[in-house]
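S.K.: As given, the protein sequences belong to chains W and Z, one line each in that order. According to the working numbering, the residues represented by the first sequence are 1 to 301, in order. According to the working numbering, the residues represented by the second sequence are 1 to 242, in order.
Think of the hints as simulated: they come from the structure by calculation, not from any bench. It should be emphasised that the depicted structure is a prediction, and the values quoted were computed from it without experimental measurement. For each residue, glycine too, the CB sits at the ideal point set by N, CA and C. Just so you know, not all the hints are guaranteed correct.
[Stated by the list, open to error] In silico DSS-like links for lysine-lysine, alpha-carbon gap of 25 Å or less:
# : chain 1 : residue 1 : chain 2 : residue 2
1 : W       : K189      : Z       : K45
2 : W       : K191      : Z       : K45
3 : Z       : K45       : Z       : K112
4 : Z       : K184      : Z       : K45
5 : Z       : K45       : Z       : K178
6 : Z       : K112      : Z       : K26
[Stated by the list, open to error] Over 10 Å on every C-beta distance to chain Z, these chain W residues come out as not near it, computed from the model:
#  : residue
7  : D8
8  : Y11
9  : S15
10 : M60
11 : A98
12 : D130
13 : V154
14 : Y193
15 : L279
[Unchecked claim] Chain W stretches covered by chain Z per the calculated footprint, using a threshold of three residues with CB under 8 Å from any CB of chain Z:
#  : segment
16 : 100-112
17 : 194-207
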Amino acid sequence: MTRFFESDIFYAFRSSPVAIVSAIVTALLVLSAVLAPLIAPTNPFDPASLNLMNGFTPPMEPNAFTGDSFFLGTDDQGRDVFSTILYGLRISLFVGFAAVLFAMILGILLGLLSGYVGGWTETIIMRAADVQLTFPSILVAMLIFGIAKGITPVEYRDQMAIWVLILAIGLSDWVQFARVVRGATLVEKSKDYVAAARLIGRSPLTIMIRHILPNVLSPVLVIATISLALAIIAEATLSFLGVGAPPTQPSLGTLIRIGQGFLFSGEWWILFFPACTLLALALAVNLLGDWLRDALNPRLR
Amino acid sequence: MISVRDLSVRFGETTVLHSVSFDVAKGESFALLGESGSGKSTILKALSGQVTDWTGALQIADTVLRPGHRARLARTVQMVFQDPFGSLHPRRTLDDTLSEPLAIHGQPDRDKRVLAMLDAVGLPRRFRFRLPHQLSGGQRQRVAIARALMLDPPVLLLDEPTSALDVSVQAEILNLLKSLQEEKGLTFLLVTHDLPVVSFMCDRLAILRAGRIEEMADVAALRAARLESDYGQELIRRSQHG
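So here's chain W without its partners, still in its complex pose (with noise of 0.2 Å):
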């Protein structure tokens, strides 16, 4: 611990106001995610707690008919947007984690491969990946969920709708982590600790593992951070056109869409805290991961 302390990362972490404050922000938003259950004033989900009646209250003022008042108000069904908003960060950041975690295992795994191995099998993955880079990651997204909604019965399609989102975003997002961890790998791999682990007899999977993939690591750090953000925008994108997290599990994508039904009746608030918050947070985590690229890269310094 004491050496992180130490270390250059947290040096440049410290002189650097953007990335302290993007890292504050970024922190809240994921405590508050984690902590909605304690934190939120009503539970969003359970239908039993809301009422008609609270519909449409504008923030910080008592409604008119129950007297109730809510911080950032309430929608057309009475929800407290601010608790909509917890439980949407909740689902968006946990999309946009496991997503960016799903594409980060599969790019690792597929450039290590190509990059070690070469020949055939490197053909055909960068190749694949070369198709992959020619549709714009939405349409992928929505490809796999039109195909995975095809699939699935109907009852489950809500159960599944999370994981679908976060197989499409994560398979439309591999492949810049294959390419930097193949070129990466091409490099260490002309080493000669590599030749040396290979005269001692280390099996080709066990030197990938063991002595290639962890002098690989830091350029994936700083992708899968930008990742993060991207994935979150892309979250929001898909469920903001309809195809992603279903209205009884609001993501911030799906509660702008909700909220952009309003807009123009005057009820701003709906649409608008949402959308702070989306902003918020895929520029905080953005920031983040463009100080983090410039901290890693010596050149810069």
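Please build the complex by placing chain Z on the supplied structure of chain W, with the hints as guidance.
M.R.: For chain Z alone, coordinates are given in the frame of chain W:
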């Protein structure tokens, strides 16, 4: 101990070695001398199984190598590389690096043997849990030598083991290699372009040029500056003036 017969290696269209033959006796130090691109490192790669696309006949100790196959050579031959900054896994402690060969080959007493090897190559025992970047170039090269010797191979291939080091450190490493050789009866095959290293370390030498052996000689001939081939004489001249 090492027998090389008509070894030819091609990389695609280019032939890097044209039927090279030589023998190294047990306990001998044999130098392959030549400029970069002369094919000297390729011979080491073929002998250590890093290049498998060759023709001819190779034998190390009792193991006959076959083209296209990776023989199980780990306990017969090990190698020390040129650049001690690239030849150690940057994120592993010396202890990990040194005990790895023992672990792979299921050998007992790892603890004791790692410590004994640190003593043998002249590294303080307290370095055991350090990482490579905490060591100097010469210390790292000692680690690389220690790793190569962990499995007690009778043959050591040395690929310019001192050319990346400072002059003062070069002498230390050469002395270390020489005393280890006497102690353990090792056979050395040394690749270098450095004539003084050859005359200090080796018993015999072969001069390579463009993939062919130009001349084989005893080290006495080199010390007396009486190499027979014109190219050998040229190397001596260049080394004296350079």
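S.K.: Which of the listed hints are not met by the structure?
M.R.: 3, 6, 14, 16
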